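J.: Given next are the chains, with one letter for each unit.
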Amino acid sequence: MNRRPSWLAAVGWNLALVVACAVTLYPVLWVIKMALTPSQAFDLSPSPIPNTFSLSNFHDLVMATDMAGRWLFGHWLFNSVVVAGATTLLSLALATTAAYAFSRFVFPGRRIGMTLFLVTQMFPGVVMAIPLYLLLDAMNLLDSMVGLTLVYSTTAIPFCVWMMKGYFDTIPKDLEEAAVMDGAGRWTMFFRIILPLARPAIVVTALFSFMTAWNEFILAATFLSDETAFTLPVALQRYVGDYSTEWGHFAAGAIIVSTPVMALFFALQRHLIGGLTAGGVKG
Amino acid sequence: MLMALVFAALLAVPPGVRGDAPAPATLRLWHSYRGAERDAVERVVAEFARIHPEWPVELLAVPYEAFANKLTSAIPRGNGPDVFIAAHERLGDWVESGLIAGLPEGDPWSGFFPATVEAVTWKGRQFGYPLAFKSLALFVRDDVLGGPVPGDTDSLQAACRRMAAGRPGNFCIAWEAGSFYHHAPWVFGFGGGILDKDGKPRLDRPENAASVAFVTGLTKDGHMPQEPTSALITQLFNEGRVAMAVNGPWFLGELAPGVKYSVHPLPRVSSTGLPATPFLTVDAAMVSSKSTVPEAAGALARFLAVEGAAPRLVDARQVVALASAWDLTDVAVDPIVVQFREAAAAAIPMPNVPVMRAVWEPASQALRAALRGAAEPEAAMESAMQRIEIATRPRPAAANPLFALAGLAILGIAALVWAARRFRRDDTWSRMRASSHAYAFLAPAAVATGVLVFVPFAVGTGVAFFSHHQGEFTYVGLANFINILGSTDYAVTEPLSFWFTLGVTVMWTVVNVFMHVSIGVALALVLRRPWMKLRGVYRVLLIVPWAVPSYITALIWKGMFHKQFGAVNGLLVWLGLEPVSWFSHFWTSFAANVATNTWLGFPFMMVVTLGALQSIPGELEEAAEMDGATAVQRFFSITLPLLKPALLPAIVLGGVWTFNMFNIIFLVSGGEPGGSTEILISEAYRWAFSRQEQYGYAAAYATLIFLFLLAWSLAAGRLQRRTA
Chain A
1 MNRRPSWLAA VGWNLALVVA CAVTLYPVLW VIKMALTPSQ AFDLSPSPIP NTFSLSNFHD
61 LVMATDMAGR WLFGHWLFNS VVVAGATTLL SLALATTAAY AFSRFVFPGR RIGMTLFLVT
121 QMFPGVVMAI PLYLLLDAMN LLDSMVGLTL VYSTTAIPFC VWMMKGYFDT IPKDLEEAAV
181 MDGAGRWTMF FRIILPLARP AIVVTALFSF MTAWNEFILA ATFLSDETAF TLPVALQRYV
241 GDYSTEWGHF AAGAIIVSTP VMALFFALQR HLIGGLTAGG VKG
Chain B
1 MLMALVFAAL LAVPPGVRGD APAPATLRLW HSYRGAERDA VERVVAEFAR IHPEWPVELL
61 AVPYEAFANK LTSAIPRGNG PDVFIAAHER LGDWVESGLI AGLPEGDPWS GFFPATVEAV
121 TWKGRQFGYP LAFKSLALFV RDDVLGGPVP GDTDSLQAAC RRMAAGRPGN FCIAWEAGSF
181 YHHAPWVFGF GGGILDKDGK PRLDRPENAA SVAFVTGLTK DGHMPQEPTS ALITQLFNEG
241 RVAMAVNGPW FLGELAPGVK YSVHPLPRVS STGLPATPFL TVDAAMVSSK STVPEAAGAL
301 ARFLAVEGAA PRLVDARQVV ALASAWDLTD VAVDPIVVQF REAAAAAIPM PNVPVMRAVW
361 EPASQALRAA LRGAAEPEAA MESAMQRIEI ATRPRPAAAN PLFALAGLAI LGIAALVWAA
421 RRFRRDDTWS RMRASSHAYA FLAPAAVATG VLVFVPFAVG TGVAFFSHHQ GEFTYVGLAN
481 FINILGSTDY AVTEPLSFWF TLGVTVMWTV VNVFMHVSIG VALALVLRRP WMKLRGVYRV
541 LLIVPWAVPS YITALIWKGM FHKQFGAVNG LLVWLGLEPV SWFSHFWTSF AANVATNTWL
601 GFPFMMVVTL GALQSIPGEL EEAAEMDGAT AVQRFFSITL PLLKPALLPA IVLGGVWTFN
661 MFNIIFLVSG GEPGGSTEIL ISEAYRWAFS RQEQYGYAAA YATLIFLFLL AWSLAAGRLQ
721 RRTA
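The listed protein sequences derive, respectively, from chains A and B. Read left to right, the first sequence gives residues 1 to 283 (this note's numbering). Read left to right, the second sequence gives residues 1 to 724 (this note's numbering).
It is worth saying that the hints were derived from the structure and are not from the lab. All figures in this text were calculated on a predicted structure; none of them were measured in a lab. Be aware that a few hints might be false.
[What the hints assert, rightly or not] Cβ-to-Cβ under 8 Å is the rule here; a few derived chain A residues that face chain B: (1) 7; (2) 10; (3) 12; (4) 17; (5) 21; (6) 25; (7) 128; (8) 130; (9) 169; (10) 212; (11) 215; (12) 218; (13) 251; (14) 254; (15) 266.
Just so it is clear, CB atoms sit at the ideal spot from N, CA and C, and this is done for glycine as well.
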């Protein structure tokens, strides 16, 4: 496994990956091309290589201000970062604990609880939006980031619970048994042993819940009624009209929205690889 | 700790970020304008605020896609705007649901073009001040046409024949022929119609079929491109590869700088002598019926329409509805805008009756079927009529809820008794007390999802037992379910019947999940090899599809599957194969959807696998390799079983998400051909939003989706336990 493969195999694998990346990036190149073209038309030409280079679409988006002269993009970015960040932390906090309970304890209601979390993923969104609106209205959380964060977290939690539980199940119990011998309590065990070992799964679920909140716009657009309270995707979606769409602006926005996700993934992927080699199982 | 800090910060933030909470007298104005139109409205509002300092105005630009929903949820609860700007199409619906207020008679009405006033009139009363209107017109690239602008269809066809002799690969004329809105001018030009004199849709007329035959003829003769989408038309027109385009004022924003064009009225239909008459859509300022400051709201709406007309005309090039605004002598009005007004002279207001919204989708499907030669024009119009009749069928009779309530109560008590007995028998209470620590770990997540997921779902599901009509819900018992499951509208084997769609949905899910998992796992296995030097780069590049908002990439994929200009067919031709008409056949259309969704979905499985692979000690595989196991054997007997605990949840959840993956179906195939590639969730959306807002029926669909998934997951769970 760790042995270097033959020169030919290495070239072959790299070639295969280059082809995979090319197929993956081919449609995305159009997004970049549209973003760099000042025209607002949807580009259908066969070549995805940009033939103009203009940052005017980015400029329009980033420099947007409202009537009172407030810098809207700054507000949007701030809101998005806060909402997505808080969603990630909240859903991780709630999901890791719940997943730990499901993975390590036997208690009445365990199976049905797991099923109930799974079941939430089966609720089609079409029936949820209006009741959620009523609920947030009743709780007075309609026009706030707290309301949005709570809604996004509860959307993401079931997935996180399931993922984390699956991963926790693969962590051998011997470690905890040893810790019990040393007199560690349940919470110490959870924080000191389980969480560090589950880092790859935490990274995956964190990325997932971040993106749940980061890309969502329908609920945000329905709940928020102040331009400075919008999140980035809501602002982005405004370029889609009933008859026509400003594709240049939309593409520029799409790039702005997706860059942080890729950066985050790039920054976190070390933890995806680190995994157990850093933990105590192997050594 | 960090967590607590962020959350505390979050709780503290809202008041500041929400800005100044509007004082009671603040007027709220919602619109979905962009660019120059938005700037003009902001200036008009600023002027209004200068004259009326006692009425400050707060503007909100709402994304178009969320606009209508936001209005219908916010206004009845007093969270809505005082004034909003919207197209008049849904005016009838809004009046009947009590969302907008009637306006005073008299003064300004005679100043608007009569057709625009007609558009905002409902049962003899006006419900919005007309701001501007839009209608289709003929855009001509005079340099490409090289002759007089055709005034009737005979000279149009003559011009096309003359051009066809010239340059191959170029077209004479183009419009979005697959959209009924763009086709409507020809319906009227051929003497046909859409609604009969009682206001009921009637498409199956010989004149309508003649209009469809005219368009299919143009396509067949190669004068018009195939599958003409709005993006394609823009591109062809900008490149000078089409001489004429039928489009609206929004087209101006898409034209490349330097393109020389002129705007004209649509030609006359030679056989009838009637002009091709487009629909007129009117942007109107409407006053919410729930406004707390109705007087100020009315004044603002009026100000936008009257005093605001000149700036909107001059600065935003809006085709404004106030006649006197056009008499400006001191400022030159853009000649193109004048040409638009002239082209709209014959236009007729789009009917503002709610039933009209049930016409678009079936009529457009019929058009596309005729255009690709799958149906004769007459047959296509008849099948559209059938679908319209189903969408507008009478609502089920109201039922007595008492019966159901009693049944529910009995069931509830029975369930309680059963649970209590089991509780006691299994000594659950003491076992629960013994595991209080487990509940402590579980409680926060359980409470949060309980409140914010289960409660809304229960409410939403309850709607399935009701029928919705203009804001009012009537209890109808199981009628919606009986209709859906009994397939009363469509034979079981027809597309759009519940059972057919269910079959497609299951197939869609299975194929997609298989593709996601196999590609994702394969890539993850390759990427984890330590000798792979560039793996960090590959990994980041390969998650790009997951990171980019799918709205835009899905549309790019749709473009890639275009018959004449798509990259996929380009590749096929390059390989010496025949180009495929992807959205004309069920299987190719389905494949296009699957390809798009595979592209979108594999990065997720790849990332999950990368994470899960970390719990597999490398020694196991090394040992197996030493024992002479082949790579395939190692994968199936070591890696895969060890991946299973972490991968299985991802597969189960991925399956559920794919089952409800609405976006791709909607954006890529749009259900083509003839609704056969729809899945259950996209059908539910159509019932809720494009077929008379039958929320109850849509909720019944959603409930059935849920029950099906539940049954499937229970069966899968049982199977898994048995095999384990």
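J.: Each hint needs a verdict: does it hold in this structure or not?
T.: Quick rundown of the hints versus the structure:
1. Taken as an interface hint, residue 7 of chain A does not check out: its beta carbon lies about 11 Å from the nearest beta carbon of chain B, beyond 8 Å.
2. Annotation: interface hint on residue 10 of chain A holds; nearest CB of chain B at approximately 7 Å, less than 8 Å.
3. Interface hint at residue 12 of chain A: violated, since its Cβ lies 10 Å from the closest Cβ of chain B, which is beyond the 8 Å cut-off.
4. For residue 17 of chain A, the interface hint holds, the least distance from its beta-carbon to any beta-carbon of chain B being 5 Å, beneath 8 Å.
5. The beta carbon of residue 21 of chain A comes within 5 Å of a beta carbon in chain B, closer than 8 Å, and the hint placing it at the interface holds.
6. Taking 8 Å as the C-beta cut-off, the interface hint given for residue 25 of chain A holds, the closest approach to chain B being about 6 Å.
7. Interface restraint check for residue 128 of chain A: the shortest CB-CB distance to chain B comes to about 5 Å, inside 8 Å, so the restraint holds.
8. Among the interface hints, the one on residue 130 of chain A holds; its C-beta lies about 6 Å from the nearest C-beta in chain B, closer than the 8 Å criterion.
9. Here the hint on residue 169 of chain A is kept, as its CB sits about 5 Å from the closest CB of chain B, short of 8 Å.
10. For the restraint placing residue 212 of chain A at the interface with chain B, the shortest Cβ-Cβ distance is roughly 11 Å, beyond the 8 Å limit, so the hint is violated.
11. The restraint placing residue 215 of chain A at the interface with chain B holds, with a minimum CB-CB distance near 6 Å, inside the 8 Å limit.
12. Because the closest C-beta pair between residue 218 of chain A and chain B is about 6 Å apart, less than 8 Å, the hint holds.
13. A cut of 8 Å between beta carbons decides the hint on residue 251 of chain A: the least distance to chain B is about 6 Å, and the hint holds.
14. Evaluation of the residue 254 of chain A hint against chain B yields a held restraint, the C-beta minimum of about 5 Å falling below 8 Å.
15. Taking 8 Å as the C-beta contact cut-off toward chain B, the hint placing residue 266 of chain A at the interface holds, the least distance being around 5 Å.
Checked against the numbered hints given earlier, this structure breaks hints 1, 3 and 10; the rest are met.
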